[in-house]
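Protein chains: 2
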Amino acid sequence: MLVLSSRDIESVISYEEMIEAIERAYVIYEEGKYYMPDRFHVDYKNKTLLYMPCFLDDVFGTKILTVFPENVEKKIPSLDGLMLLNDFETGKPTCLMDGKILTALRTGAVGGVGIKYTTPEDVKTVGLIGAGVQGFYQVLYACKVRNFKKVYIFDEYVKDLTDFVDRLRKVIPTDVEIIICKSSEDLVRRSDVVITATTATEPTMPNSTELLRGKHFIGIGSYKPTMREYPDALSSLVEDVYIDADIALEETGDLIQPIAAGLLKNSQVKRISKLIASGGEIKDLEHKTTFFKTVGIAIFDIVAANAIYKKAVEAEVGYLLD
Amino acid sequence: MLVLSSRDIESVISYEEMIEAIERAYVIYEEGKYYMPDRFHVDYKNKTLLYMPCFLDDVFGTKILTVFPENVEKKIPSLDGLMLLNDFETGKPTCLMDGKILTALRTGAVGGVGIKYTTPEDVKTVGLIGAGVQGFYQVLYACKVRNFKKVYIFDEYVKDLTDFVDRLRKVIPTDVEIIICKSSEDLVRRSDVVITATTATEPTMPNSTELLRGKHFIGIGSYKPTMREYPDALSSLVEDVYIDADIALEETGDLIQPIAAGLLKNSQVKRISKLIASGGEIKDLEHKTTFFKTVGIAIFDIVAANAIYKKAVEAEVGYLLD
Chain U
1 MLVLSSRDIE SVISYEEMIE AIERAYVIYE EGKYYMPDRF HVDYKNKTLL YMPCFLDDVF
61 GTKILTVFPE NVEKKIPSLD GLMLLNDFET GKPTCLMDGK ILTALRTGAV GGVGIKYTTP
121 EDVKTVGLIG AGVQGFYQVL YACKVRNFKK VYIFDEYVKD LTDFVDRLRK VIPTDVEIII
181 CKSSEDLVRR SDVVITATTA TEPTMPNSTE LLRGKHFIGI GSYKPTMREY PDALSSLVED
241 VYIDADIALE ETGDLIQPIA AGLLKNSQVK RISKLIASGG EIKDLEHKTT FFKTVGIAIF
301 DIVAANAIYK KAVEAEVGYL LD
Chain H
1001 MLVLSSRDIE SVISYEEMIE AIERAYVIYE EGKYYMPDRF HVDYKNKTLL YMPCFLDDVF
1061 GTKILTVFPE NVEKKIPSLD GLMLLNDFET GKPTCLMDGK ILTALRTGAV GGVGIKYTTP
1121 EDVKTVGLIG AGVQGFYQVL YACKVRNFKK VYIFDEYVKD LTDFVDRLRK VIPTDVEIII
1181 CKSSEDLVRR SDVVITATTA TEPTMPNSTE LLRGKHFIGI GSYKPTMREY PDALSSLVED
1241 VYIDADIALE ETGDLIQPIA AGLLKNSQVK RISKLIASGG EIKDLEHKTT FFKTVGIAIF
1301 DIVAANAIYK KAVEAEVGYL LD
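Protein sequences appear in the order of chains U and H. Note that my numbering numbers the first sequence so that position 201 is 201, with each residue one more than the last. Heads up, my numbering is the position in the second sequence plus 1000, with the first residue counted as 1.
In case anyone wonders, no lab produced these hints; they're calculated from the structure. Keep in mind that the hints are not guaranteed to be accurate.
[As the list claims (entries may be wrong)] Quick look at which bits of chain H chain U covers, simulated, 3 or more residues with Cβ under 8 Å: (1) 1002 to 1013; (2) 1051 to 1065; (3) 1071 to 1079; (4) 1091 to 1105; (5) 1219 to 1225; (6) 1316 to 1322.
[As the list claims (entries may be wrong)] Here are a few chain U residues that sit away from chain H, every Cβ distance over 10 Å (derived from the structure): (7) L84; (8) D98; (9) P120; (10) E156; (11) G279.
Glycine residues also receive a C-beta, built at the ideal position from the N, C-alpha and C atoms.
Based on the sequences and whatever the hints tell you, model everything.
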């Protein structure tokens, strides 16, 4: 079994390959060529252990995550975990890799693919609300799929973003300017594309159609019905909402709540995978307000992890156990 | 996270420490100081993926197993897997180790502890029915807890046991004689203690009270209601059956079938953990026919794995990921 650290992972896979992996995952999802059982979860003393298995045609595996909300007080990420790949024919574990960086990279790539398909090619400014680990990789991938000139950042809780900005500067093109915003309203006003990557349970921006009109929104947080990043105003502006998987309709408050309130119709919610698998595109993007919402599915993990594993074998990177 | 190969595991933990770990696990089980959810399993195209989580007071973890029955045709073990340990306070993965050798060692130790508590101290001969991976470690641990002078071996399917015997000779005391038997009847007749480690669905020995009387039986196989290693005659000879966990009453055909047939009473089935936790012993062992039956529980895995992990940290053995 090959064991890959976060550094190993980042050293073998390019951002472009990660984006390709996610596009491939969408085609597999659209074609139904997978078996993805419901997540298993164990809850014990405010600790959650999650097992997310997925079978493809030629590989299967499990992402194993721990969710410890109390870690936040200890300044430790609440999420930790591993990704395990198994040989499809024998079950033998073939690869084990850091699950935190895999999750961050694949979620970054999911956001990037979202931008690629739901925003015009000539967008120049991107805003990030929520400067955490996920947000970091969101900006990184955003800058891979579009030639952004300015990155705006706002975080309601982290007041000193120096370290975040310093790290970001090292990985995005040198000509991109990074600007800290004093409010989410300011950020949304100045950004063509807005990415939200928070754990908010209330909208992260003002409920104003005037403010939101013509912008392109990428929703990364809100993976529970009680979580929400977007105000009602967004529902009245969008023609359709693009989602990464049907399960989003059961998981995110950003769909469940406006649908329950009658502000959004089920028929307006569309799978981005259909667009990707058919090679289609959204027409007249530059005149539309768009919203791409991802909740994440195990297919992303397994396809991305398998791509990383193959690259690591090729590059002879990692630690071979036994 | 520390990654331990099968060699790492065997190099850091002694048989005595493994036996102590199992005895500690029994005390934890008897005192109820654990949380052990039901196993999760995913079945897909005749492949099974099992997650066996367990929480103790200071550590938690999961054994992840694959069961691929078709592997047998390919001469590959049908079982493979890994054991993951997590930090109790943060959820962080702390250790990952080979699950095959962990399972073999802890099952060996469970058998050894069974022998320690359910057989007289002066037994001289042990017989093994089923010369597979589990059987190998059963004999190894048996020879740690009793001064056996002769080991008898019988396997209905493996006709050439040369390799098995050669490997065994290297790990058991040099004065122990190893003898291959032509039948299970012959083996039982010559053995004071009989260990069965098969995947049999029919009894592995003749249904004869005369043959079985006064012997001490250790049942390792039969982990499903349809599996059975012992004939009805055994039920009529034993005063009590000792089990490793209450779940045995729902899992093994070696209890379910004789109880259903009215040959064994529920009240005759006792937890060995009660004996171990209370420091008690079975009286008049040398005049009794005894039966210890194990089905295995996740507490064994987590306690044994944690002991191995601590020893590996101490000895600075293993590969440190990130």
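* Does the claim that U:L84 lies off the interface hold, with its Cβ farther than 10 Å from every Cβ of chain H? -> The claim breaks: U:L84 does not keep its Cβ more than 10 Å from every Cβ of chain H (closest is about 7 Å).
* Distal placement of U:G279 relative to chain H, Cβ over 10 Å -> With a cut-off of 10 Å, U:G279 remains clear of chain H, as the shortest Cβ separation is near 31 Å.
* chain U covers the region 1316 to 1322 of chain H, three or more CB atoms within 8 Å, holds or violated -> Check passed, 3 qualifying residues.
* Status of U:D98, Cβ more than 10 Å from any chain H Cβ -> Check fails; 7 Å does not lie beyond 10 Å.
* Asked: With a Cβ-Cβ cutoff of 8 Å, does the region 1071 to 1079 of chain H contain at least three residues near chain U?
  -> holds (count 3)
* **Consistency of the no-contact label for U:E156, given chain H and a CB cut of 10 Å** => 25 Å, holds
* Residue count check for the region 1091 to 1105 of chain H against chain U: does it reach three with CB-CB under 8 Å? -> holds (count 5)
* Asked: With a Cβ-Cβ cutoff of 8 Å, does the region 1002 to 1013 of chain H contain at least three residues near chain U?
  -> Since 4 is at least three, the answer is holds.
* **Residues of the region 1219 to 1225 of chain H with Cβ under 8 Å from chain U, three needed, outcome** => violated (count 0)
* To do: Count residues of the region 1051 to 1065 of chain H with a Cβ under 8 Å from any Cβ of chain U, then say if the count reaches three.
  => holds (count 6)
* Asked: Looking at U:P120 again, its CB stays over 10 Å from all of chain H?
  -> 40 Å, holds
Taken one by one, the earlier hints fail for this structure at numbers 5, 7, 8, listed in ascending order.
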